[in-house]
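Protein chains in written order, with our numbering: chain A, 1 to 992; chain B, 1 to 199; chain C, 1 to 91.
These are computed hints drawn from the structure, not numbers from a lab.
Every residue gets a Cβ at the ideal spot worked out from N, C-alpha and C, and that includes glycine.
Do not rely on the hints blindly, as some may be mistaken.
Derived Cβ-Cβ restraints for the label pairs, each shown as a range [stated by the list, open to error]: (1) A:E943 / B:V199: 54 to 64 Å; (2) B:P24 / A:A589: 52 to 62 Å; (3) A:E943 / C:R44: 52 to 62 Å; (4) B:V199 / A:E829: 43 to 53 Å; (5) A:E158 / B:K17: 24 to 34 Å; (6) A:E492 / B:D166: 55 to 65 Å; (7) C:H38 / A:G914: 48 to 58 Å.
To give an idea of the chain A side of the interface with chain B (calculated C-beta under 8 Å), a few residues [claimed, not checked]: (8) I19; (9) R79; (10) K165; (11) A166; (12) R601; (13) S603; (14) Q665; (15) S821.
One letter stands for each residue in the lines below.
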Amino acid sequence: MSSAGRLPTGGLIDRARPIQFRFDGRSMSGFAGDTLASALIGNGVGLVGRSFKYHRPRGILSAGSEEPNALAELRSGARREPNTRATTVELFDGLEAQSQNRWPSLGFDILALNGLAGGFLSAGFYYKTFMWPAAFWEKVYEPLIRRAAGLGRSASAEDPDHYDKAHAHCDILVIGAGPAGLMAALTAARSGARVILADEDSLPGGRLNGERHEIDGRAGSKWAATATAELAAMPNVRLMRRTTIFGVYDGGTYGAVERVNDHVAVPPPFQPRQRMWRIYARRAILAAGALERPLVFANNDRPGIMLAGAVRSYINRFGVTPGQRLAVFTCSDNGWRAAADAAAAGVSIEAVIDSRSDVAPALGADLVARGIRIFRGAQVIRALGSRALQAIEVRDHTGRVSSILCDALAMSGGWSPVTHLTSHLGGRPVWSEAHAAFVPGTLPPGMSVVGAANGAMTLARALASGRDAGARTASDLDRTVSDAPLPKADDEPASVRALWHVSGGRGPAFVDFQNDVTAKDVGLANREGYRSVELLKRYTTLGMATDQGKTSNVNALAILASERAQPVAAVGTTLNRPPYTPVAIGALAGHHRGKDFRATRLSPLHEWAREQGAAFIESGAWLRASWFPRPGENDWLESASREVRAVRSAVGLTDVSTLGKIDIQGPDAATLLDRVYCNTFSTLQVGRARYGVMLREDGFVMDDGTTSRLAADHFVMTTTTANAVGIMRHLEFCHQGLWPDLDVQMASVSEQWAQLAIAGPKSRETLTRIVDRQHDISDAAFPYLTAREITVLGGTRARLFRISYSGELAYELAVPAGVGSAVASAIMEAGKDLGIQPYGLEAMGIMRIEKGHVAGNEINGQTTARDLGLGKMMSRKKDYIGRVLAERPALVTPDRWGLVGLKPVDWTSRIRAGAHLIPIGAAATTANDLGYVTSVAFSPTFERWIGLGLISGGASKHGTRIRLVDLLRGTDVEAEVCDPVFYDPKGERLHG
Amino acid sequence: MADRTILNRSALAGLAKPGVIGAPTGNPGVRIREITEFAAITVIARRGRAAEVVEILSRHAGSPVADAAKRAGNASLSITGTAPGQWLVVARGAGNELDNMRADLNGIAAVTDQGDGRLIIEVCGARARDALAKGIAIDLDASVFKAGDAAQTSAAHTGLQIALIDEAPTFEMISARSTAESFWSWLVASAAEYGIEVV
Amino acid sequence: MRIRCPYCGERSNDEFTVLGDADALLTRPSGENIEAFHEYVYQRTNPAGLHRELWYHSAGCRRWLVVTRDTRTHEITNVAFANSRGEGATA
Ligand SMILES: [Zn+2]
């Protein structure tokens with residue numbers, strides 16, 4: 001196609017730098033400084049996509065981020081990116097873009113024939129059409145909907161690019177680098193304040209780049225460039241181009257996304273594609289400008305019909321024209337300026353149609369002199385043409401209708417201030433009849449609004465309001481502001497008389513282009529009772545999807561108001577929420593995806609476990625050794641069973657470093673422990689360890705673990721792995737919040753100590769070989785529940801605890817984390833001839849079930865100490881957290897679910913955790929549910945499945961039979977209820 | 001006390017290998033160094049004894065120590081406030097000087113060994129602030145965060161103590177051993193575009 | 001939301017863990033009265049306006065703080081250490 005739309009001269013593009021790109025497979029060229037949209041216009045492409053529901057041909061409506069129509073798929077393969085607004089895509093060499101939502105091709109779309117989809121996708125279609133019959137949903141509606149409605153296709157491969165997140169701080173954040181924003185930033189920055197100026201465009205200047213105004217006698221775009229250069233050179237200014245402030249949050253926090261490398265095909269090595277910023281600003285100045293509104297008339301969506309301001313931008317900034325024969329339809333002065341700009345660029349003006357009859361005579365004087373047809377008090381009632389605009393029908397002030405041939409129509413329905421960010425914290429914009437628009441209402445704390453965003457619609461007023469706000473804000477922050485003169489600029493009139501809806505034309509009159517919502521749909525919704533704006537939005541889908549109704553909301557509200565015969569102010573508006581424009585999920589994730597989704601914690605024994613060939617499993621944030629496969633073993637159960645047998649018959653070594661460890665010191669340390677544990681610790685002798693149970697204040701069990709007394713005023717507590725952080729927080733609460741008078745000092749030492757469990761009948765013999773000789777660990781000198789500081793391997797400091805989780809003679813050895821792996825290797829070496837084996841989480845889990853120890857499955861927040869068979873630990877001689885509420889009637893009834901052991905009657909049967917306990921002969925219903933299975937294991941010791949469970953009546957049910965029913969997996973196994981301690985119930989092996 | 005005869009692995013052993021990584025800028029914008037030889041203790045004042053602890057710590061540091069988020073000390077010994085009445089003391093090298101301090105604090109403060117549980121990294125270079133801002137939310141600007149300033153905060157979902165040692169700028173970051181690998185992954189990813197020299 | 005910790009300075013709320021009504025939680029009953037503990041554990045007012053809340057500076061100094069916050073606007077008017085019952089702004 002020829003460069004039909006490219007003007008011979010003009011624009012801020014670099015004509016010396018041509019750029020090649022492809023659209024729907026066709027090679028085209030543009031220039032540096034083009035957007036995809038301007039380049040398409042330059043290549044004479046008017047039809048760029050199909051609409052969401054009706055598949056109507058669509059062109060480019062705007063020149064900015066408000067674009068509802070011109071959505072394209074960019075790039076290909078893993079970088080394919082749907083729904084990108086062609087109006088914001090900077091052209092780069094090799095850009096591949098595809099139109100969306102067309103089938104089979106953009107020019108010929110089957111679903112557009114006869115408005116095939118039309119009848120069934122009217123307002124409220126989600127709620128009406130699919131009600132009946134139900135079977136139609138899957139077979140008919142869903143496939144049709146999926147084909148008919150929807151936007152682009154996302155990439156199916158993982159995004160190869162990196163995304164960043166970053167933080168920035170400033171005194172004053174200026175949002176928008178148009179004339180008001182630049183002026184505000186200059187004024188504030190010159191005072192020495194730390195300023196961030198963010199603008200979504202690649203080229204600061206805002207409307208100055210799209211219009212022909214002069215400032216201080218120079219082109220506005222030149223003034224913007226000079227102002228930008230001054231700001232860029234100041235050390236107290238961070239200038240953020242291509243950066244959208246998308247959200248306002250409490251406490252002066254702003255979300256922003258910087259498109260660092262969207263304007264190149266592939267980011268340079270090590271550079272992010274996009275960067276998400278959190279900006280902390282003491283003050284903000286919103287200078288986001290205003291968005292022009294379309295006019296609502298029949299077939300107003302035909303390609304070639306464009307906002308007047310956009311026409312000006314394309315001509316003045318990009319040196320392209322959307323047509324050769326332009327007509328203008330306006331209810332504001334901006335339409336006339338678009339006509340003047342187009343005429344100056346040599347575009348033929350076919351007509352200017354202004355719905356107002358009293359237009360300032362000066363506005364059109366030029367055009368009248370050139371003999372251009374002017375209609376005042378007239379309206380465009382219909383557009384003609386299908387894939388491109390061919391003509392318009394104009395109804396003049398007498399009511400006579402005539403046709404005018406044209407291939408482009410600039411329309412201006414007035415401007416809506418961009419108030420979005422003012423309402424992110426709940427502020428409601430207020431209707432201004434003078435502006436025929438919503439203007440900012442209650443503002444977020446610390447924010448002021450300037451320029452067109454605040455209704456200052458002329459250049460001179462925008463500059464002045466920017467200067468004033470910059471100065472006021474800087475002085476607020478105790479900066480001294482100099483009195484620089486305000487640049488001189490035009491202050492020409494910018495009047496508007498709203499025209500919400502042109503009736504009388506045949507054909508749909510679109511209000512929301514992106515969601516295919518027409519004026520008729522708004523009327524229908526109102527008649528069907530959806531009269532509130534919030535309901536209107538949801539019923540019609542108006543204002544949803546990628547553009548969030550930037551060009552449609554006000555028109556829709558005004559039409560609704562007119563349907564309701566009420567002023568717009570009475571109808572109100574929906575609230576905007578973040579994000580202002582779409583934000584890629586990748587940018588929100590930043591670095592944190594894949595293995596970096598969250599921080600992974602590695603044990604100090606990780607290196608050792610890896611050398612031992614461990615199979616690792618994620619357990620909370622930890623990566624833990626699950627089992628240690630050996631040659632010839634087929635599955636985890638074989639490996640874990642071997643590990644259990646090694647511990648029960650010889651010796652095993654496992655990593656328990658992930659347990660929480662808390663150092664508790666001070667004269668009142670024992671008092672604090674007495675108050676947080678249900679059992680007593682003040683009576684614990686120095687050098688001894690004790691198992692403790694903590695309750696929550698509501699009487700349920702919170703956590704358990706072993707706490708040892710190293711000195712009269714020094715304890716070390718262990719918590720479960722999962723609760724390590726929470727217990728530290730709880731202890732700090734108890735100390736700081738409840739009992740600040742206690743002289744206690746606490747420090748987490750979870751990271752400091754590697755902790756190894758050495759378990760099995762030969763554990764002492766193994767340990768003796770690494771413990772330094774002066775420390776006697778014989779049974780007499782170091783009996784069960786001894787805890788002492790020792791040294792190992794020739795002087796390495798260590799703490800040795802004789803405690804057992806496996807039920808065997810066992811020890812836990814704590815050594816400084818840095819030597820953890822080395823000590824583990826030394827123990828493996830020492831125990832080699834004794835048959836030592838490393839064991840993992842699975843073996844540990846099996847042995848604790850054999851031993852009837854409770855773990856997270858049983859300490860589940862719904863069980864009391866009594867339920868778990870630990871009631872005897874609850875002291876009656878002291879106060880402690882949970883003591884009083886643990887005595888509540890419902891927590892002490894005999895039919896509470898208590899811990900028991902379960903073994904299948906047929907010893908070959910497998911049992912499942914989660915199965916419900918149902919009396920034999922009763923139906924498997926909730927009413928007959930007596931409890932459930934909490935933990936199961938295949939016990940290599942007993943060579944059968946065993947389990948723990950909670951059953952109504954607890955220990956009183958020992959010896960009875962029950963069914964274990966699992967309706968999900970379809971199992972029903974008869975089992976005997978027994979004591980939960982399957983292995984060594986007398987505990988003789990512990991003392992071995 | 002550090003009488004170790006067996007291999008002591010630093011938190012980043014095998015990861016922080018000297019060399020240049022990231023963008024080949026010729027002049028790396030970020031230099032990273034893992035401090036591998038050090039001892040550390042937390043000092044928590046007994047109830048009502050913070051003033052005495054400050055005095056003792058100041059004597060050992062050779063400069064005033066504050067009961068605040070500040071880092072004091074010298075090349076071999078640093079004392080950083082981590083909470084009211086709490087400090088982290090780091091002795092670079094073998095850390096024998098901590099034994100005297102521990103004795104002086106006996107009965108006045110709780111002292112707890114922490115050196116094995118910590119990762120210490122120094123980050124400096126012209127782009128250090130830009131790289132760190134990618135995970136650290138506090139204001140590290142030269143006009144705000146000055147030499148001797150310190151903060152407890154987080155980066156990349158990991159708790160972190162950060163201090164400015166000098167205006168080069170050289171930042172000291174102290175974090176947990178268990179998350180060292182994830183932390184390193186974040187730091188390298190964040191600094192890569194500026195070029196990194198691991199020293 | 002930004003909370004000005006008396007020790008660490010102003011930080012975003014993601015550095016903190018919230019627990020709830022400070023005046024309720026810091027007033028643990030003594031004795032055996034189940035009703036009193038029931039009130040203490042479960043009964044809360046839910047004011048639209050100023051609310052004194054316990055926040056734990058988990059990613060900072062690990063102090064429990066009493067934060068006075070307007071629940072309608074998130075405006076924070078005072079932050080103090082919990083070990084002084086939220087009085088003043090020092091430990
Ligand atoms: Zn704090």
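Exercise for the section: Kindly indicate which numbered hints from before are broken by the structure, ordering the numbers from low to high. Expected result: 2, 4, 7, 8 and 9
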